[in-house]
Amino acid sequence: MPRLFRPDIMVGCVIVGAFALCAVAPGLLAPHDPLQSLPDGLTAAGAPRPPGDGGFILGTDALGRDLLSRVIYGARVAVLMAVVPNLIALMVATLIALTAGYGRGWLEAVLMRMTESFLVLPLFLIAMAVIATFGSSTTTVVLTLAFVTWSYPARVLHGEVRRLATSLHVEAARSLGAGVMRITLRHILPHLTPLLVVYFTMNAAYMVMLEAGLAFLGFGVQPPTPSWGLMLADARDQFFRPWLIIVPGVSLALLCIGFSLFGNAAEQNSPFHGRRVML
Amino acid sequence: MIPGDHDKLPCALTLVAEVPMTRRQLMVGASALGLVGVSMVPGKGLAQSAIDPATIPGPAWAGGTMGGRAINVWGDTSVDFDPLLAYGRADYYNLSNFFRGLTFLSVGAEPQLDLAETLDISADGLVYTFTLRDGIMFHHGRKAVAEDFRWSIERAVSPEKASWVQGFMTSVAGYDAFLTGEAPGLVGLAAPDDRTFVITLAKPDARLLSILGIPPFYVLPRDEVERLGDEFLTHPVGTGPYRFLSYDSANSQMIAARYEDYIYRDYLPYLDEIELRWNVTADIQYLQVIREDADLSMGVPSSVVPDILADPALAERFTAQNSLDVNWWPLNVTRAPFNDIRVRQAVNLAFDRARSAIFGMNPTGHLFPPSLLGFSDTAPVYLHDPDRARALLAEAGVSDLELRIGIFGATSGQNVRIAQLIAQDLEAVGIRSVLEQRQESAYDVGSMLSEEYDMWNMGWGMGLPDPSELAASLFGTGGAANFGGYSNPAIDAKALEAIGMTDRAARAQAYSEIEAELLTEAPFLFLGVAQLNSLRSSRLQNFTYDSALWTYWDRYWVVDA
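From first to last, the protein sequence lines stand for chains D and A.
Taking my numbering, the leading residue of the first sequence gets 1, the next gets one more, and so forth.
Taking my numbering, the leading residue of the second sequence gets 1, the next gets one more, and so forth.
To be clear, the hints were calculated from the coordinates, so they are not data collected in a lab.
Treat the hints with care, as some may be off.
[To be verified] Under 8 Å between C-beta atoms, here's a sample of chain A residues computed to sit facing chain D:
# : residue
1 : S303
2 : L309
3 : I358
4 : Q420
5 : A423
6 : E436
No residue lacks a Cβ here, since even glycine has one placed at the ideal position from N, Cα and C.
Let the sequences and hints guide you as you build the complete structure.
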């Protein structure tokens with residue numbers, strides 16, 4: 001059986017695909033406006049409706065908003081955070097790794113010591129501090145997530161660039177008179193792609209959790225934007241309405257499991273599977 | 001509950017506060033009230049008591065059973081029982097169990113004489129002469145004398161302590177000299193003999209008796225305060241109905257026992273022992289009370305109120321009362337768009353504040369809490385009227401408006417939810433909102449608020465149940481918490497004048513007019529007061545809540561004692 005058709009990989013694909021669909025076309029899937037309190041969204045006593053009550057499949061929240069619609073729209077934030085800051089972080093990491101790994105010398109020393117300095121910082125606290133300083137717009141959150149997550153892939157990619165820089169095909173290109181740009185872009189960068197794909201998928205789950213954690217503490221995207229972390233924060237004092245915690249919690253867990261399964265598949269199908277990467 | 005009727009009698013203190021009387025006249029009046037009271041209170045050894053039970057301040061209490069113990073639970077993470085340093089709920093609202101003062105705030109924040117037996121106010125309203133009850137004893141066995149009262153009040157306003165009540169005695173003669181260090185003591189306080197305590201004012205101050213009724217002005221034993229030092233924070237020694245027994249910081253638990261020499265010992269307290277637990281989250285408080293593991297929670301989360309009300313057995317033991325926690329959203333009047341009164345009024349008309357009721361709020365639409373002097377049902381509050389809001393916005397020429405709204409104390413879900421309700425309602429009249437959660441309190445940001453936001457949430461727990469506190473801090477020009485920049489010299493002048501009014505009705509009228517003017521000017525998005533949700537066990541009887549002191553543990557009893 002081809003590796004790509006294993007059950008765990010298929011499950012990962014289905015989960016990520018389903019949430020990606022929610023993120024791309026939430027308006028087609030959500031039964032209600034996720035921002036609006038609905039006239040029948042609360043019981044007569046003013047309590048949120050439990051799942052199934054009043055036609056609300058996943059129930060309603062404390063403001064009488066449809067939870068299913070908020071989860072669907074919340075996928076947009078989650079997928080956005082899994083993709084955009086992840087791509088930015090990997091681009092920065094690749095740039096630093098290529099510069100340091102191929103350039104060597106003092107430039108490598110400076111860039112790698114800077115990268116290593118970042119590795120020892122408490123990234124979650126740094127993220128909170130950055131957002132507290134620059135505000136909590138979606139753009140700020142995206143840039144902050146990228147800012148705090150580029151260092152580890154940069155360190156790993158740097159090792160791989162150093163290995164590739166001494167490989168025969170690069171030596172051959174250099175002998176034929178290829179310049180630095182040509183060698184790095186045509187002969188090294190393409191060989192980093194499998195590693196980048198693995199990192200992207202593994203990091204995606206981390207990004208989703210990081211954003212949810214920040215949002216839970218009030219440092220992520222701001223209300224009333226539907227975000228799973230915000231939904232969990234909103235459920236903090238709703239101890240006796242378990243669906244308010246379970247619905248966004250399960251969504252978060254599912255998406256992270258999906259990305260992890262996907263990442264495992266990418267890793268097992270990459271040329272690096274079972275091989276040590278030089279740091 | 002078998003309420004005594006003595007609480008319906010006119011208060012002797014109210015009479016003397018409004019009509020200057022001689023001491024002799026006061027004694028005659030008090031005796032008459034006392035005779036009536038004795039005849040109404042069923043009781044325990046009335047003939048033997050030197051105290052007339054009708055003169056015991058506070059809500060109704062007669063008819064219970066002596067003995068037993070009860071447990072009250074709180075959410076605070078720590079407690080400090082020095083009356084000047086008690087900032088939390090668990091400590092501040094339990095101070096009256098351990099300490100008492102010259103006056104006591106009864107239901108409706110009405111000041112009644114407590115450790116003072118009589119009061120004589122001079123005709124010019126400047127000299128207050130208190131005669132102390134005979135036999136007031138501190139928990140460590142020493143008799144409390146007038147000098148203790150003088151020292152305690154002087155300590156409360158001393159520059160060294162710099163407490164939150166320091167400004168409450170500004171009317172006392174010699175206050176400025178004492179504060180600047182020119183005088184070693186507050187000359188307006190005098191103790192000519194052990195049972196006579198005199199306060200001399202530099203200017204009339206109608207708030208004085210209420211001020212003396214709040215816990216920071218209760219009497220302390222100087223010798224014990226100095227001997228115990230910092231230990232006094234967890235080892236309270238006063239004249240109250242309960243004396244300290246044990247304190248366990250690791251388990252967040254304190255036990256206090258009936259004080260055998262309490263001034264009202266023939267009648268109160270009912271319970272032999274009370275246990276105070278803190279560090280108990282609201283959800284757990286609720287569970288403990290419904291399981292009868294605790295007897296009273298005054299922090300039941302609003303999210304469970306629908307469940308409580310749906311259960312008749314629980315609903316009967318549940319009380320939702322107005323607190324003195326004022327909630328409002330200041331509008332930044334220092335710049336557009338809220339420098340235009342029409343936009344401020346439009347925002348108030350656009351908000352359907354009734355929807356916030358499910359989040360533990362009584363959305364009165366006032367600034368003043370309902371139990372506060374000056375609160376008027378006829379005040380011109382804003383009813384939800386989006387059409388009129390749109391018309392006002394059009395008249396003001398406002399279109400494509402986006403407001404930046406700060407949500408402070410965002411760890412409280414209540415603030416975040418109410419902000420979203422406001423945003424929904426503003427959207428309905430064409431105003432977009434950008435919400436920003438901040439973990440800190442608005443007071444931490446202070447004057448910077450008006451540089452960052454168009455509006456933001458604020459709350460104020462009133463320490464002194466008197467409208468002068470709100471006037472001075474929240475909407476007076478340059479007030480300590482007036483971060484929105486509102487200023488109205490006419491209101492300032494009227495508020496200053498009201499402080500000296502000794503006629504309670506005239507004073508109430510003055511503050512009603514001030515609030516009406518404030519409502520018209522709309523410098524805030526008016527919301528209301530936080531509701532305090534209390535749930536008691538089936539054992540605990542005679543529970544009474546009032547916004548000033550919250551609870552009166554000396555007059556509760558348990559049925560299985």
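Status of each hint after checking the structure:
A least Cβ separation of about 5 Å between A:S303 and chain D falls short of the 8 Å threshold, and the interface hint therefore holds. Because the closest C-beta pair between A:L309 and chain D is about 6 Å apart, less than 8 Å, the hint holds. Restraint check, A:I358 versus chain D: the minimum CB separation of about 4 Å is within 8 Å; hint holds. Evaluation of the A:Q420 hint against chain D yields a held restraint, the C-beta minimum of about 5 Å falling below 8 Å.
With a least beta-carbon distance of about 6 Å to chain D, the hint placing A:A423 at the interface is held under the 8 Å criterion. For A:E436, the shortest C-beta to C-beta distance to chain D is roughly 6 Å, which falls under 8 Å, so the interface hint holds.
When the structure is compared with the earlier hints, no violation turns up for any of them.
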